[in-house]
Amino acid sequence: MSESTQIAWNRKDLTGIEPLSRGEIELILDTAPQFVAVSKRQSGIKKVPLLQGRLVVNWFHEPSTRTRTSFELAAKRLSADTLSITASTSSSVKGETLHDTLANIEAMHSDVIVIRHNCAGAPHILAARHASHIVNAGDGRHEHPTQALLDAFTIREHVRKHTSNPEATLDGVKVAIIGDVEHSRVARSDIWCLNKLGARVCLCGPATLLPMDVERMGVEVTHDLREAIHDADVIYALRIQLERQAKALFPSIREYIRLFRIDSDSLQSAPAHALIMHPGPINRDLELATEVADGPRSVILEQVSNGVAIRMAVMHLLVNSGNKSGS
Amino acid sequence: MSESTQIAWNRKDLTGIEPLSRGEIELILDTAPQFVAVSKRQSGIKKVPLLQGRLVVNWFHEPSTRTRTSFELAAKRLSADTLSITASTSSSVKGETLHDTLANIEAMHSDVIVIRHNCAGAPHILAARHASHIVNAGDGRHEHPTQALLDAFTIREHVRKHTSNPEATLDGVKVAIIGDVEHSRVARSDIWCLNKLGARVCLCGPATLLPMDVERMGVEVTHDLREAIHDADVIYALRIQLERQAKALFPSIREYIRLFRIDSDSLQSAPAHALIMHPGPINRDLELATEVADGPRSVILEQVSNGVAIRMAVMHLLVNSGNKSGS
Amino acid sequence: MSESTQIAWNRKDLTGIEPLSRGEIELILDTAPQFVAVSKRQSGIKKVPLLQGRLVVNWFHEPSTRTRTSFELAAKRLSADTLSITASTSSSVKGETLHDTLANIEAMHSDVIVIRHNCAGAPHILAARHASHIVNAGDGRHEHPTQALLDAFTIREHVRKHTSNPEATLDGVKVAIIGDVEHSRVARSDIWCLNKLGARVCLCGPATLLPMDVERMGVEVTHDLREAIHDADVIYALRIQLERQAKALFPSIREYIRLFRIDSDSLQSAPAHALIMHPGPINRDLELATEVADGPRSVILEQVSNGVAIRMAVMHLLVNSGNKSGS
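Protein chains in written order, with the working numbering: chain Z, 1064 to 1390; chain P, 1064 to 1390; chain D, 1064 to 1390.
In case anyone wonders, no lab produced these hints; they're calculated from the structure. Take every hint as true, because none was put in to throw you off.
Put simply, identical chains are the same to the list, so a pair is met inside one copy or across any two.
List time: in silico DSBU-like cross-link candidates among lysine-lysine, alpha-carbon distance up to 30 Å: (1) K1109 to K1224; (2) K1110 to K1224; (3) K1075 to K1109; (4) K1103 to K1075; (5) K1224 to K1103; (6) K1075 to K1110.
Same shape as in the complex, but just chain Z:
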């Protein structure tokens, strides 16, 4: 029986992975499978009334399709009402503070605020001062906790299938994260999440794209792709943010491809069972060759599917088991 059955959820917010215990993370992962079934409309169930009459506000200060859409669908499948506020339509253009905007949203009796913001820490500051349940949907380069949870869930499902052990954990699983770790909130949340779950994390990329003191996070570091993936159970390619190339963080795209791209050539160094993952959107043939992105080892679209279920699990736990302060 999983450790999480002894754990009760009592947090008001999901601001990041770093503050969570292993038990809390596993509780979220254990709550998700019921929502995978709803999300896929298996057995005819299309919605559950767990957030009936509740209000979920998507408040995105950066453009996003997949994350915003995933949260909106998760809320709708929980029967919540949804409201979308984008930076361009919001009062921030009139100079209102984040606190005042949120206080106004809350005065209309919102339950969950899903926030993406370009400033690291914005969700934490809001969570500390407001009664709504805050979910961090990405804050600057800091954290993207629901991405890490859906990644861990996807890996765990495959480990359980592969080992035919329905209670297998991530203990001892090796995940190689390849590419631009420095600018990636996904990598940061993934490292915390995988470490807490007992996985081994190895980072690999050009020196300019790896944080200076990253070993402190308890990870292995290498600049040799084959070394990183030769014993990896999961190969997680990060997105290269081409817009940063102006800063010349690596010599050239051709150089990056030669050394770090996951393609059928470099994959020959990896175990046959290794999964291919990516947080999307993909730069095809840059960080991932098309034959790999669309190949049999790729679970990239499963990540997207599981994302809806994980976000349903998170919002259900926050609203129905979470600690309420104020409200």
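Once you have looked at the hints, place chains P and D on chain Z.
Structure of chains P and D alone, referenced to chain Z:
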């Protein structure tokens, strides 16, 4: 028993406060409390089916978070379907007239059209020619009637609590409106609304921000803040629209703050029971000091909460009691 | 009994009119009347549960009010959940391919994807590779199939009323399409649709606005407005896209008006029963004089009303009778 119980609602539209009788205004205010309860989810009721299957279209030609959101929530809590059309997505970029765009929306069987437009009078012109129920959500510098109704409702709730008289009216209540009256549709609607309800209105601000012939509206005018607030039951600070400062309508922001800002210093001249109100969004420490905006006398967030209930009351009255022409 | 009762719907997608048989088109038209009643809320029915729990995604790469709104309402009246993705909010700004964006949407278990794209053929390419039901809401200058279906439905309703024959078809009905055929996806879909239904189509406009080899489509062509309309049952004015005037495709707007505008003067050449149609938005007094657009022969707003019902019929047939590949 309130006068409004004798009044039946029979208007198709809410284009402004100016055309309404005291009885009509009080009917709206008397209809709101049941929706305050729904909006707060008191006694487990989260929605009412009063607009089930109806279509409410939010048609905003100016950016807005709080007003658009408030109307959208009000519609959803009445179980209506909602649709949002913004100027940038609309056919106005293709040169279509307002009448033609509205005729097209109506041809899809809309029930309520909530319109914000930068031209004063736009909602009135549309209301006269179309069968849908039109609600003015702000037209140029002219009117913002639901703001005035939620303001009056908020004041009345506090007067009733303060006097322990559940049927107290606004007769004789003094409201001091401070700041940029000239450019404010909120002030214009508030003045009409408060006057009709028997309140005394005193305007205070730099001469350049007060309309020339404002005394005609039946208000007192002063340029001395302490004189305005010394006997005020309500101090209503208007937003300074900083973008207009290019026109140099007052000598400097520092000068404005010294003479007209509501802060703990200037509040010493006001009665202890005086409420602090503001239509939002606030320029903190310009028109209102932070200690006042967040202080015990501030009912600014109650205004926002009551806004949803008032908008539910308005749309319910229009659709379920209103006069239908055409359709 | 209509031919369509022998036809079963078995297409996964509606990419255009060209591939449809007459029987398939008539099946859609015969499915619409029940939804006209729902759309008008006749007999108290406001929604039908035919797409309950299904997800309809509106994915518009060009701005649109009427088409997007019409699809969104159609989906809501079928009780579907809806999600809207616009080009500006989407990952296309991050360089993601159409296929990858759609694969991501599908991974969240979408049922119907309504797509408008400035590239001709985009819906077809997506339909061939993805399991979702794809509905073309306009692709470049190529097709706009639901517009053609609502046009045919509107004409057929009037023919049936006019002839007092509830099973009348479009056989032998003459439709004159006036104006900018060259740049119009509406004209292209209308020509295919009307031809398949047995109607005679006559195109009329300046030579520069008529496609070179248009006779191949089985239509008559004339540059004389009076010749085109003297025996027309329907006069269909296309929108002049003023932004193309930079290319000087016709000598001047004054010249166009003199030769091709439908006004009370030119209408004297047409039969008394001829209907006036337009796909909207109208340039008033350019392609249509105001007295004609708003006159008794105009069925322009009926087209808009019928559009919601036709789109309900299309989505119902695709989801509930359509061929599923994959998913």
